[in-house]
Amino acid sequence: MQRIGVFVCHCGSNIAATVDVKRVVECARLEPGVVFAEDYQYMCSEAGQTKIADAIKREGLTGVVVCSCSPRMHEATFRKCAEGAGLNPYMLEIANIREQCSWIHKDMETATEKAVVLMRAAVAKVNLNVPLKSGESRVTKRALVIGGGIAGIQTALDIAEAGYEVDIVEKTPSIGGRMAQLDKTFPTLDCSACILTPKMVEAAAHEKIRIFTYSEVEKVTGFVGDFTVDIRKKARSVDIDKCTGCGVCQEKCPSKTAKSEFNRGLSKRSAIYTPFAQAVPNVPVIDREHCIKFKTGKCGVCSKVCPAGAIDYEMRDEIITEKYGAIVAATGFDMISLDKYDEYAYKKSPDVITSLELERIMNAAGPTGGHLERLSDGKPPKNIVFIQCVGSRCADKRGKSYCSKICCMYTAKHAMLIRDKYPDTNVTVFYIDVRTPGKNFDEFYRRAVEEYHVNYIKGQVGKVLPQPDGTLLVQGADIIDGRQVLINADMVVLAAAIEPDPTARKLATMLTASIDTNGFLTEAHPKLRPVESPTAGIFLSGVCQGPKDIPETVSQAGAAAVKVIGLLSKDKLLTNPCTAKADELMCNGCSACANVCPYGAISYEDREVRGIGVREVRRVAVVNGALCQGCGACTVACPSGAMDLFGFSNRQITAEVDAICR
Amino acid sequence: MTKAEKQAELIRDISGVDPYKCMKCGKCTATCPSYAEMDIKPHQFVSFVIRGEIEALTKSRSLEKCLSCFACIERCPRSVEPGRLIDAARQLAARERGGGFLTTEEVPEMCDPDTPSQLLVSAYRRYRR
Ligand SMILES: Cc1cc2nc3c(=O)[nH]c(=O)nc-3n(C[C@H](O)[C@H](O)[C@H](O)COP(=O)(O)OP(=O)(O)OC[C@H]3O[C@@H](n4cnc5c(N)ncnc54)[C@H](O)[C@@H]3O)c2cc1C
Ligand code: SF4
Ligand code: SF4
Ligand code: SF4
Ligand code: SF4
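Sequence lines, in order, name chains A and B. The first sequence begins at 1 in our numbering and counts up by one. The second sequence begins at 1 in our numbering and counts up by one.
A couple of the hints might just be wrong.
[Claimed, not checked] Label pairs and their computed distance ranges (CB to CB):
no.	chain 1	residue 1	chain 2	residue 2	range
1	B	70	A	376	28 to 34 Å
2	A	202	B	50	52 to 58 Å
3	A	512	B	93	32 to 38 Å
4	B	79	A	100	56 to 62 Å
5	A	195	B	70	32 to 38 Å
6	B	79	A	205	19 to 25 Å
7	B	70	A	437	50 to 56 Å
8	A	631	B	13	29 to 35 Å
9	B	2	A	505	36 to 42 Å
10	B	70	A	297	54 to 60 Å
Derived by calculation from the structure, the hints in this document are not laboratory data. We treat Cβ as the ideally placed atom computed from N, Cα and C, and that holds for glycine.
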C-alpha cells in the first residue's frame with residue numbers, strides 16, 4: 001500500500017475563488033492510500049515546495065498528488081522538488097484543477113465536485129505508480145538553421161561565436177531574405193544593405209558556419225540532441241568551387257525574359273543569374289525553365305564564356321544526410337496575394353504597387369535605378385496615396401485576422417523618404433489606427449506628420465479607379481472630418497499583409513512542430529518560452545513565429561541561439577522513461593503497433609517466448625526506447641493488449657476512469 | 001427593456017449584424033456610392049444601433065438613399081456588413097407602419113423622381129410577398 005500525500009493549491013484566487021479547496025482536502029483524506037492532505041496559497045512558491053518536501057520526509061510518503069495548474073506548467077517543478085526530498089519523481093502526479101476546472105467553471109458547487117473527482121483519479125493512479133528511471137541520450141554538437149534571412153543569419157552567427165558548428169539551409173540562391181530587398185530601414189533610416197551585407201559576409205567566412213543555398217530540408221528523423229536530416233541541394237548547374245563570380249555568363253546569356261524574383265517581378269533577369277549583386281555566395285544558378293540549352297539543347301553560351309569552366313549542365317540534385325543536436329526554424333514571410341482585392345485595381349494598373357515593390361523602386365539597384373517613377377509611363381508621381389492594413393485585421397474570408405505589425409512604421413518611412421527626396425510630391429496615408437509602440441517609433445511617425453507634412457487620413461479607401469488620363473481616382477473616407485475624399489493619384493501603394501512563408505506548413509509537419517491557424521510556428525509558451533517550439537530541440541527565430549521588425553527579429557534570433565547553445569553544451573540528455581513496451585507473452589506480432597507509431601520506434605524480432613504452457617520462438621514487437629516519445633498510439637492500436645506504456649499503463653488509466661465514474 | 005432597447009435588439013435579430021465587431025475603419029463609408037446624400041453615414045449605422053438610437057435611424061434619409069448595392073457588405077473587413085442594418089431598419093419602419101410588406105401599388109407613391117431604380121429593383125426583390 002502506498003503512503004500518499006495530497007497538496008491542494010489555491011493559486012491565489014485562480015483556484016480558490018471557484019473551488020472549495022478545504023473540501024478537496026477533506027475528501028482527499030478519505031481516499032485509499034492517502035495519509036496526509038493540506039492546502040496552501042501558492043504550492044509552487046518556495047514555501048509551498050518546502051511543505052511538500054517536509055511532508056515527504058516527515059510522513060514517509062511514497063506517492064504525491066498535487067492539485068494545481070496544468071502539468072505543462074509545473075509538473076517538472078514539483079517532480080524536482082519530490083526528487084530533492086528523496087522520492088522518485090515519477091511517484092508524483094498532478095491533478096489539473098485550474099485549466100480543466102476552476103478557469104472554466106463559474107459555479108463553486110460544480111467546480112468543487114469536479115476538483116474532487118480529478119483529485120480522486122490522480123490518487124487512484126498514484127496507487128499504481130512505480131518508480132521510473134530516465135535513460136540517457138547523446139547530443140550531436142551541431143545546429144541546423146532553416147532559412148537564411150536576417151533571423152537565420154543572426155542565430156547562426158551567435159551559435160558559431162559560442163564555438164559550435166552551424167549549417168544554414170536557404171532555399172533561394174542567396175542568403176539575406178527580405179531585408180536584402182529593403183532600401184532604408186526604420187527607425188533610423190540607415191541603408192539596409194549596409195547593415196546586412198557585412199553580416200552575410202561574416203556568416204559565409206565563419207569557420208564554424210556552412211551555408212547550403214538553393215537547398216531544402218527534405219526529411220527529418222530523430223529527436224532532441226540527435227536529429228538526422230536529409231538536405232536536398234538543388235542542381236545549381238554551376239560548380240560553386242570553380243566559379244569566381246565574374247558575372248560574364250549573366251551578361252552574355254541570351255535568355256533575358258524571366259521575371260526577377262528579387263525585384264518582385266518588376267524587371268527581367270537572365271536564365272543564369274545571381275539574385276542581386278551582393279549575393280552570398282556570389283555564384284549564379286541556372287534557372288532551367290528559362291535556359292535555352294535546357295529547353296532546346298542549343299546555346300551553351302555561358303559555358304563558352306565562363307573563364308573558370310564552372311558551368312555544368314549535367315549537375316543533378318544531391319541529397320546529403322547530416323546529424324544535428326538542435327534545429328532552428330527561421331523561414332520568414334512573404335506578402336499575401338492581392339487577387340481577392342479587386343477594389344484597389346492592383347492587377348489593372350501598374351501604378352498600383354505593394355510596399356515591397358516600392359522598396360525595390362526606391363533602391364538604387366532596383367528596376368528604376370532608385371528613381372521614383374510610375375511604372376506605366378516612367379513619369380515622376382505628383383500625388384501618392386498609401387493604404388494601410390490591406391488584408392490585415394480582416395475578420396472576413398479575404399484577409400488575415402492579425403495586425404501585420406510592421407506596415408504602420410514602414411509606411412511612415414516611405415512617406416517621409418519621398419517627401420524628403422521629392423518635396424513637390426503630395427503624400428496621403430489612409431489608416432485605421434497608427435500603431436507605433438516601439439522605441440522611438442511614435443516620434444518617427446510624428447516626424448512624418450509634423451516635419452514632412454504627410455497627410456494622414458483616418459479611414460479606408462473604398463475603391464481605386466484607373467482613369468482614361470492615366471491617373472488613379474481614389475475614393476476614401478475621412479471619418480474624423482466626416483467626409484468622403486476623392487484624390488486623383490498618380491501612384492497608389494498598398495501595405496499588404498504579411499503571411500508566413502508557404503513552405504512553413506510542410507516544414508512544421510517534418511519537424512513535428514505546431515503551427516497556429518495562420519500558419520505561424522507556435523511557441524512553447526507565449527510569454528515564458530517564446531523562442532522554443534513545443535517539440536524539444538526545435539527553436540524559432542524571426543517572422544516565422546509572428547510578425548516583427550528587424551530589431552525584434554534580431555533579439556529573438558539571439559535568444560534562440562542562447563537556447564541552442566544551452567542544449568549543445570550538454571554532453572548527455574535525460575530521456576523520458578515513459579516509453580512503451582510489449583509483453584512478449586501476449587504479443588502475436590501482428591504489426592498493428594508499428595503501423596501507427598509516428599516515430600518509427602517499433603520493430604519486430606524473433607524471440608524465444610516462455611510462459612505457462614508456452615515455449616516457442618515467435619515474432620514479437622520490440623520498442624526502441626530512445627526513439628519512443630511515449631505518445632501511446634501503439635497501446636490503443638494493439639488488439640491483444642500486449643503494448644503498455646510506463647507511467648501511463650493500461651491499469652493506471654482504467655483505475656483513473658474507475659475513480660472518475662465511482 | 002425600454003422600447004429603444006427592444007428595437008435595437010430587433011434590428012440586430014433581423015439583420016444578423018453584430019455591431020460590436022466594427023473597428024471603425026470607414027471602408028463602408030469610403031465605398032458607398034450614395035454617401036453624399038445620406039445624413040447618417042454607413043459606418044455610423046453601427047454606432048446608432050450600439051447607442052440604441054433606433055428612432056433616428058428609422059427616420060433617417062439614408063434609408064431611402066441606400067442603393068442596396070452591397071458594396072459595404074462585400075468589402076467590410078470585419079464582416080459587420082452595415083448595409084444589412086439599413087435593410088433591417090427599413091423593415092422595422094415598414095412593420096411599424098403596420099403590415100410587414102409593401103404591395104406593388106404602394107411603391108410608386110413612395111418614390112420621388114430621384115429614387116434610384118436600383119433601389120426599386122432591390123426592394124421588390126426583398127420585400128415582395
Ligand atoms: C515592405 C517592407 C518594409 C520593411 N521595412 C522595415 C524597416 O524599415 N525596418 C525594420 O526593422 N523592418 C522592416 N521590415 C521587416 C523586415 O523585413 C523583417 O523583420 C525581416 O526581414 C524578418 O527577417 P526573417 O529572417 O525572419 O525573415 P525573411 O527575411 O523572410 O527570411 C527568411 C528566409 O528563409 C528562407 N526560407 C523560407 N522558407 C524556407 C525553407 N523552407 N527552407 C529554406 N529556406 C527557407 C527565405 O528564402 C528567406 O531567405 C519591412 C518589411 C517589409 C515587407
Ligand atoms: S546555356 Fe542557358 S544559362 Fe547558359 S547562356 Fe545559354 S540560356 Fe543562358
Ligand atoms: S501595422 Fe498598422 S498598417 Fe499594418 S496591419 Fe497593423 S495597424 Fe494595419
Ligand atoms: S508510444 Fe508507441 S507509438 Fe508512440 S512513439 Fe512510442 S512506440 Fe511509437
Ligand atoms: S467597413 Fe465594417 S468594420 Fe469598417 S467601419 Fe464599416 S462596418 Fe465598421
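Evaluation of the provided hints:
1. B:70 / A:376: 28 to 34 Å: Given range 28 to 34 Å: holds, Cβ gap about 31 Å.
2. A:202 / B:50: 52 to 58 Å: The hinted range 52 to 58 Å holds for residue 202 of chain A and residue 50 of chain B, with Cβ atoms some 56 Å apart.
3. A:512 / B:93: 32 to 38 Å: 59 Å, violated
4. B:79 / A:100: 56 to 62 Å: 33 Å, violated
5. A:195 / B:70: 32 to 38 Å: 48 Å, violated
6. B:79 / A:205: 19 to 25 Å: 52 Å, violated
7. B:70 / A:437: 50 to 56 Å: 37 Å, violated
8. A:631 / B:13: 29 to 35 Å: 47 Å, violated
9. B:2 / A:505: 36 to 42 Å: Once the Cβ atoms are compared, 51 Å apart, the range 36 to 42 Å for residue 505 of chain A and residue 2 of chain B is violated.
10. B:70 / A:297: 54 to 60 Å: 56 Å Cβ-Cβ, so the 54 to 60 Å window holds.
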